[in-house]
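Chain B: place on chain A using the hints.
There are 2 protein chains.
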Amino acid sequence: MSELLTLELIRAARERIRDKVTRTPVLTSDVLDGHSGASLFFKAENLQKIGAFKARGATNAVFSMSDAEAARGVVTHSSGNHAAALARAAKLRGIPAYIVMPNNAPKTKQASVARLGGQITFCEPTTAAREAAAEKLIAETGAQLVHPFNDYRVMAGQGTATLELLEDVPDLDVVMCPVGGGGLLSGTAVAAKGVKPGIRVIAVEPAGADDAARSFAAGKITPSSGPVNTIADGLRTVVGTRTFPEIQQHVDDIVTVSEGAIVQAMRALWESLKVIVEPSAAVPYAAFVERKVSLAGKRVGIIITGGNLDLDSLPWANTEVL
Amino acid sequence: MSELLTLELIRAARERIRDKVTRTPVLTSDVLDGHSGASLFFKAENLQKIGAFKARGATNAVFSMSDAEAARGVVTHSSGNHAAALARAAKLRGIPAYIVMPNNAPKTKQASVARLGGQITFCEPTTAAREAAAEKLIAETGAQLVHPFNDYRVMAGQGTATLELLEDVPDLDVVMCPVGGGGLLSGTAVAAKGVKPGIRVIAVEPAGADDAARSFAAGKITPSSGPVNTIADGLRTVVGTRTFPEIQQHVDDIVTVSEGAIVQAMRALWESLKVIVEPSAAVPYAAFVERKVSLAGKRVGIIITGGNLDLDSLPWANTEVL
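Sequence order for the protein chains is A and B.
Residue numbering for the first sequence follows the numbering used here, beginning at 2 and increasing consecutively.
Residue numbering for the second sequence follows the numbering used here, beginning at 2 and increasing consecutively.
In isolation and in its complexed conformation, chain A is listed as follows:
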């Protein structure tokens, strides 16, 4: 299978989106360094436009299109941060964004998309209904589907976070990020290995949605070991046909973490970094909480992927002790 994501694509994405996304800061914490035994450098993509790294990939996709293509608009059937990111990018380019959302999507995500001018079509919360609704919109409008991860423009855009991280902290030994569909992970891995071939790339996944870890071990795309069940709502998807080959080639390891470790990690990040971290974004640090990685003394970059969640229902609100 030919490799189609390259460092050059990621560098081109960076120039394309440079003035359209935030160059997010890198945060550190003596407390978290103490707990982990490593030196941790958190790339704060929760402080990115729309509160997540997804702004990068969607913006790169929308601004890669020709004027004629773009004029008909873009479509997605993702309900999460990618939807907000695509709506924002389309608004920046002055084109329509059609967003298919399940009728049970969190109200904060609905509001975010609507505020950014996305035209929402609600559907039943099944994959079939979402795909059917998107197909119908495409047939009616001629708009182009921008997949949340299985798209090289999106994958390249997501990799730009790692380019910035390695500019700010060049001497990293390891880069870590969560894996859901694999758009961020493939971009991260290609960027990191391209800039610094000796670096290690470790992905972390909820044990309750362990398709990437199982796929990585099996050498082919493989479903999760059980029904998908995790608080990390951004990571419930299965790796894609375009992302998985990149992951196979460039990632060193994929480890899994428990739900308890994710919540504990999330709280630790809130308390020590003083930033709002959504559950999916706490997954890499959960690998330290649960001792799933041995990186004592290493300099480790971690992508904090997003900070969008409902502040009325924090996972520790009804829990005496985590």
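There's no promise every hint is true.
[Claimed, not checked] The calculated label-pair distances, taken between Cβ atoms and stated as ranges, are:
| hint | chain 1 | residue 1 | chain 2 | residue 2 | range |
| --- | --- | --- | --- | --- | --- |
| 1 | A | Ala297 | B | Ala133 | 45 to 51 Å |
| 2 | A | Asp172 | B | Asp20 | 16 to 22 Å |
| 3 | B | Ala218 | A | Asp172 | 18 to 24 Å |
| 4 | A | Asn104 | B | Ser295 | 41 to 47 Å |
| 5 | B | Lys197 | A | Gly38 | 32 to 38 Å |
| 6 | B | Pro103 | A | Asp311 | 33 to 39 Å |
| 7 | A | Ala130 | B | Gly199 | 57 to 63 Å |
[Said to hold, decoys possible] Derived DSSO-like pairs (lysine-lysine); straight-line CA-CA distance at most 27 Å:
| hint | chain 1 | residue 1 | chain 2 | residue 2 |
| --- | --- | --- | --- | --- |
| 8 | A | Lys137 | A | Lys108 |
| 9 | A | Lys21 | A | Lys137 |
| 10 | B | Lys21 | B | Lys108 |
| 11 | A | Lys299 | B | Lys21 |
| 12 | B | Lys108 | B | Lys137 |
| 13 | A | Lys92 | A | Lys108 |
| 14 | B | Lys194 | B | Lys293 |
| 15 | B | Lys299 | A | Lys92 |
| 16 | B | Lys299 | A | Lys21 |
| 17 | A | Lys299 | B | Lys92 |
| 18 | B | Lys92 | B | Lys137 |
| 19 | A | Lys21 | A | Lys108 |
[As the list claims (entries may be wrong)] Computed from the model, here is a short list of chain A residues facing chain B with C-beta under 10 Å:
| hint | residue |
| --- | --- |
| 20 | Leu48 |
| 21 | Lys108 |
| 22 | Thr109 |
| 23 | Glu272 |
| 24 | Leu274 |
| 25 | Val276 |
| 26 | Asp313 |
| 27 | Trp317 |
Since the hints were made in silico from the structure, they are not lab data.
Note that CB positions come from ideal geometry on N, CA and C, so glycine has one too.
Chain B alone, transformed into the frame defined by chain A:
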């Protein structure tokens, strides 16, 4: 009364503490700009060491001392962020920090001071008991009191946040910060007017602790209009004999805000900036929420002072609608 805080002192403080504190990022939000009608630039001192701007003043004070003075240690009877900041600065210099705390101090603040090596002495939660306990420690150890705000070294240190802010965003029309004892406000005002004489400096204070607004109007230090009662626990103190003259000379206005506006502002900042903001730090933005300032079209710098609070008791947890 002679003016004793100068731009030169603040610049010297900046060099003294440059490699000992974080150069915090400036955050922006299209949503908050839309709501306020202004262009807002938030200096994120909640991402500062110990989670608050207080790291600046305490570090400047500790590193301004001679070796002989420093060797005997430092004392404070503040229980808040200044205590953690002083403990951290003392640890950096390798000297003892004696921290007097009321026995009802929040557990997160106790833990923070203890983790930083501060030697805690508990006392009854009265001003008299705290001062007596501090006096006793000074008599026993020869340590030096570092007041949380009424100290030129501390005031100069706090002003360094504004020097950085004006480097990052030189063309500000206004700088805003909260006022409690006035250490931050006096440093902010002297720095801002020193660097950019035409800039306006507006302080914001809870209506439930309005001594600074009343003092400013009366031309002399004046107590609050009623019993001090505000969620903004960092702002319950009265302006000091050294801070107030600087405020009189360099500040353009002091406005007050309600408790409801503070909580609403706090939540808006969490949701839009994706950072954790303690109640005191939300007070300046509350002036926009409550329409206490008219700054449409202006470029406004706002110091987000800190992010330390108990995540188990958020002010909106038991409120259906704010």
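Evaluation of the provided hints:
1. A:Ala297 with B:Ala133: 45 to 51 Å: Hint holds: Cβ distance 46 Å, inside 45 to 51 Å.
2. A:Asp172 with B:Asp20: 16 to 22 Å: holds, 18 Å
3. B:Ala218 with A:Asp172: 18 to 24 Å: Because 55 Å falls outside the window, the suggested range is violated.
4. A:Asn104 with B:Ser295: 41 to 47 Å: The hint (41 to 47 Å, Cβ to Cβ) holds, given that Asn104 (chain A) and Ser295 (chain B) are roughly 42 Å apart.
5. B:Lys197 with A:Gly38: 32 to 38 Å: violated, 45 Å
6. B:Pro103 with A:Asp311: 33 to 39 Å: For Pro103 (chain B) and Asp311 (chain A) the Cβ distance comes to about 35 Å; the hint holds.
7. A:Ala130 with B:Gly199: 57 to 63 Å: holds, 59 Å
8. A:Lys137 with A:Lys108: holds, 24 Å
9. A:Lys21 with A:Lys137: Roughly 30 Å between the alpha carbons, so the hint for Lys21 (chain A) and Lys137 (chain A) is violated.
10. B:Lys21 with B:Lys108: holds, 26 Å
11. A:Lys299 with B:Lys21: Answer holds: Lys299 (chain A) to Lys21 (chain B) is near 22 Å, not above 27 Å.
12. B:Lys108 with B:Lys137: holds, 24 Å
13. A:Lys92 with A:Lys108: holds, 21 Å
14. B:Lys194 with B:Lys293: holds, 22 Å
15. B:Lys299 with A:Lys92: Judged against 27 Å, a Cα distance of about 25 Å means the pair holds.
16. B:Lys299 with A:Lys21: holds, 22 Å
17. A:Lys299 with B:Lys92: Status holds; Cα separation ~25 Å.
18. B:Lys92 with B:Lys137: holds, 22 Å
19. A:Lys21 with A:Lys108: Given pair Lys21 (chain A), Lys108 (chain A) holds - Cα atoms ~26 Å apart, limit 27 Å.
20. Leu48: Check passed: Cβ of Leu48 (chain A) comes within 6 Å of chain B, closer than 10 Å.
21. Lys108: violated, 12 Å
22. Thr109: holds, 8 Å
23. Glu272: holds, 7 Å
24. Leu274: holds, 7 Å
25. Val276: holds, 5 Å
26. Asp313: holds, 7 Å
27. Trp317: holds, 7 Å
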